[in-house]
Amino acid sequence: MNDQITEQTKQLRKHYARTFHNDGLLDFFVGWALVSAGIYLLTSLIIFSFAGWMPIILIAPLKQRFVVPRIGYAKFSKPASIPRPILIGAGAVILIGSVLVTFLGSQESRVPIIAALLGLALLFVLDRGFNRLTVYAIFIPLFFIIGLGLKVLTPAIVILVGAVLMALGIYLFVKFLQKYPPEPEDEDELS
Amino acid sequence: MTEDYPLDPREISGLDRVIHSPARLKIMLVLMSVEEADFTFITHATELTRGNLSANLTKLEEAGYIKIEKKFIERVPKTIASITPAGKKALEDYSSLLGPILDELRKS
Chain A
1 MNDQITEQTK
11 QLRKHYARTF
21 HNDGLLDFFV
31 GWALVSAGIY
41 LLTSLIIFSF
51 AGWMPIILIA
61 PLKQRFVVPR
71 IGYAKFSKPA
81 SIPRPILIGA
91 GAVILIGSVL
101 VTFLGSQESR
111 VPIIAALLGL
121 ALLFVLDRGF
131 NRLTVYAIFI
141 PLFFIIGLGL
151 KVLTPAIVIL
161 VGAVLMALGI
171 YLFVKFLQKY
181 PPEPEDEDEL
191 S
Chain B
1001 MTEDYPLDPR
1011 EISGLDRVIH
1021 SPARLKIMLV
1031 LMSVEEADFT
1041 FITHATELTR
1051 GNLSANLTKL
1061 EEAGYIKIEK
1071 KFIERVPKTI
1081 ASITPAGKKA
1091 LEDYSSLLGP
1101 ILDELRKS
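Protein chains in written order, with this note's numbering: chain A, 1 to 191; chain B, 1001 to 1108.
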């Protein structure tokens, strides 16, 4: 294909993908995951190690309810980044490692499961190639690793960072709703 | 045309008039960037009015450059447009023809 067109379509694809995912939903759920992780660190209640990640299944229905009617639907071809077998392999290693740490390790060593799950999120966003998400996926595991390594990570700090991200998510979501009012149905426009 | 200035204006008449319209070129570029998109998305991406977009989509469909079909996306019926192989080729041909002309203009 013509190089000029290829470069242009690549730039446009990035721009559309950013707009499509600039609704704050992911920021909110990443924040919620951190708040849950913080509560888990505080209380050791196992429910909170899962509660943070379970609502991720709500993202697709919420996008369908709020995002698609406003900016429309588009299917993006996936960027050719990391080969899928490598991603799946790395994800499996992290997951199995997390499970072993959780069930065979001591109470304190369960904490790395949070970093491991965030590592899975990193693989996911690398696969999807979203910029802001990539930043989250890199900095949040670092936040945990460095915080735990230096023994300065307290549940309060984790909850605070999560709360800030949740607030950012809500702010972005409100801005998104204001910027993109619902569009009329398009059923008869193209027929 | 002189030998030291290879830009031949006659080549411009070979440009594809279906794609040459700014509105249709925008639509083609948007559809080239995604696998498929609905009317609302293309409206935002091209900043065309809904009526203008509808008319130009019809022209592109008639030329065989795009395909318009009804699909269920997450159980919601949508009218979806996507670029066809003929459309991709037409856009490439258009770029191949216009590109060198623009390059010559830049040099002059």
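Certain hints may be false.
[What the hints assert, rightly or not] A short, non-exhaustive set of chain B residues, derived as facing chain A with CB atoms under 8 angstroms:
#1 SER1033
#2 VAL1034
#3 ALA1037
#4 GLU1047
#5 PHE1072
#6 GLU1104
#7 SER1108
[To be verified] What follows is a set of in silico ranges between Cβ atoms, one per label pair, in the way DEER data are often shown:
#8 THR1058/B - VAL164/A: 29 to 37 angstroms
#9 GLN11/A - GLU1074/B: 25 to 33 angstroms
#10 GLN11/A - GLU1062/B: 26 to 34 angstroms
#11 GLU1104/B - ILE88/A: 47 to 55 angstroms
#12 GLU1035/B - LEU168/A: 27 to 35 angstroms
[Unchecked claim] The calculated lysine-lysine pairs, modelled on DSS-like cross-linking and capped at a C-alpha distance of 25 angstroms, are:
#13 LYS1026/B - LYS1067/B
#14 LYS1088/B - LYS63/A
#15 LYS1089/B - LYS75/A
#16 LYS179/A - LYS63/A
#17 LYS10/A - LYS1067/B
#18 LYS1070/B - LYS1059/B
#19 LYS1089/B - LYS10/A
#20 LYS1107/B - LYS1088/B
#21 LYS1059/B - LYS1089/B
#22 LYS1026/B - LYS14/A
#23 LYS1089/B - LYS14/A
#24 LYS179/A - LYS1088/B
#25 LYS1026/B - LYS1089/B
#26 LYS75/A - LYS175/A
#27 LYS1071/B - LYS1026/B
#28 LYS1071/B - LYS1059/B
#29 LYS179/A - LYS75/A
#30 LYS14/A - LYS175/A
#31 LYS179/A - LYS1067/B
#32 LYS75/A - LYS1107/B
#33 LYS1059/B - LYS179/A
#34 LYS10/A - LYS75/A
#35 LYS1107/B - LYS1067/B
#36 LYS1089/B - LYS179/A
#37 LYS1089/B - LYS63/A
#38 LYS175/A - LYS1071/B
#39 LYS63/A - LYS175/A
#40 LYS14/A - LYS1107/B
Worth flagging that the hints you see were computed from the coordinates, not collected in a lab. Backbone N, C-alpha and C define an ideal beta-carbon position, used for all residues, glycine too.
Now for the hints, and whether the structure bears them out:
no.: 1; hint: SER1033; result: 4 angstroms, holds
no.: 2; hint: VAL1034; result: 5 angstroms, holds
no.: 3; hint: ALA1037; result: 4 angstroms, holds
no.: 4; hint: GLU1047; result: 13 angstroms, violated
no.: 5; hint: PHE1072; result: 11 angstroms, violated
no.: 6; hint: GLU1104; result: 15 angstroms, violated
no.: 7; hint: SER1108; result: 19 angstroms, violated
no.: 8; hint: THR1058/B - VAL164/A: 29 to 37 angstroms; result: 49 angstroms, violated
no.: 9; hint: GLN11/A - GLU1074/B: 25 to 33 angstroms; result: 28 angstroms, holds
no.: 10; hint: GLN11/A - GLU1062/B: 26 to 34 angstroms; result: 29 angstroms, holds
no.: 11; hint: GLU1104/B - ILE88/A: 47 to 55 angstroms; result: 50 angstroms, holds
no.: 12; hint: GLU1035/B - LEU168/A: 27 to 35 angstroms; result: 30 angstroms, holds
no.: 13; hint: LYS1026/B - LYS1067/B; result: 16 angstroms, holds
no.: 14; hint: LYS1088/B - LYS63/A; result: 30 angstroms, violated
no.: 15; hint: LYS1089/B - LYS75/A; result: 21 angstroms, holds
no.: 16; hint: LYS179/A - LYS63/A; result: 16 angstroms, holds
no.: 17; hint: LYS10/A - LYS1067/B; result: 21 angstroms, holds
no.: 18; hint: LYS1070/B - LYS1059/B; result: 18 angstroms, holds
no.: 19; hint: LYS1089/B - LYS10/A; result: 17 angstroms, holds
no.: 20; hint: LYS1107/B - LYS1088/B; result: 28 angstroms, violated
no.: 21; hint: LYS1059/B - LYS1089/B; result: 17 angstroms, holds
no.: 22; hint: LYS1026/B - LYS14/A; result: 16 angstroms, holds
no.: 23; hint: LYS1089/B - LYS14/A; result: 23 angstroms, holds
no.: 24; hint: LYS179/A - LYS1088/B; result: 32 angstroms, violated
no.: 25; hint: LYS1026/B - LYS1089/B; result: 16 angstroms, holds
no.: 26; hint: LYS75/A - LYS175/A; result: 23 angstroms, holds
no.: 27; hint: LYS1071/B - LYS1026/B; result: 23 angstroms, holds
no.: 28; hint: LYS1071/B - LYS1059/B; result: 21 angstroms, holds
no.: 29; hint: LYS179/A - LYS75/A; result: 22 angstroms, holds
no.: 30; hint: LYS14/A - LYS175/A; result: 20 angstroms, holds
no.: 31; hint: LYS179/A - LYS1067/B; result: 30 angstroms, violated
no.: 32; hint: LYS75/A - LYS1107/B; result: 39 angstroms, violated
no.: 33; hint: LYS1059/B - LYS179/A; result: 30 angstroms, violated
no.: 34; hint: LYS10/A - LYS75/A; result: 14 angstroms, holds
no.: 35; hint: LYS1107/B - LYS1067/B; result: 38 angstroms, violated
no.: 36; hint: LYS1089/B - LYS179/A; result: 36 angstroms, violated
no.: 37; hint: LYS1089/B - LYS63/A; result: 34 angstroms, violated
no.: 38; hint: LYS175/A - LYS1071/B; result: 30 angstroms, violated
no.: 39; hint: LYS63/A - LYS175/A; result: 15 angstroms, holds
no.: 40; hint: LYS14/A - LYS1107/B; result: 31 angstroms, violated
In terms of the numbered hints stated before, the structure departs from hints 4, 5, 6, 7, 8, 14, 20, 24, 31, 32, 33, 35, 36, 37, 38, 40, listed from lowest to highest.
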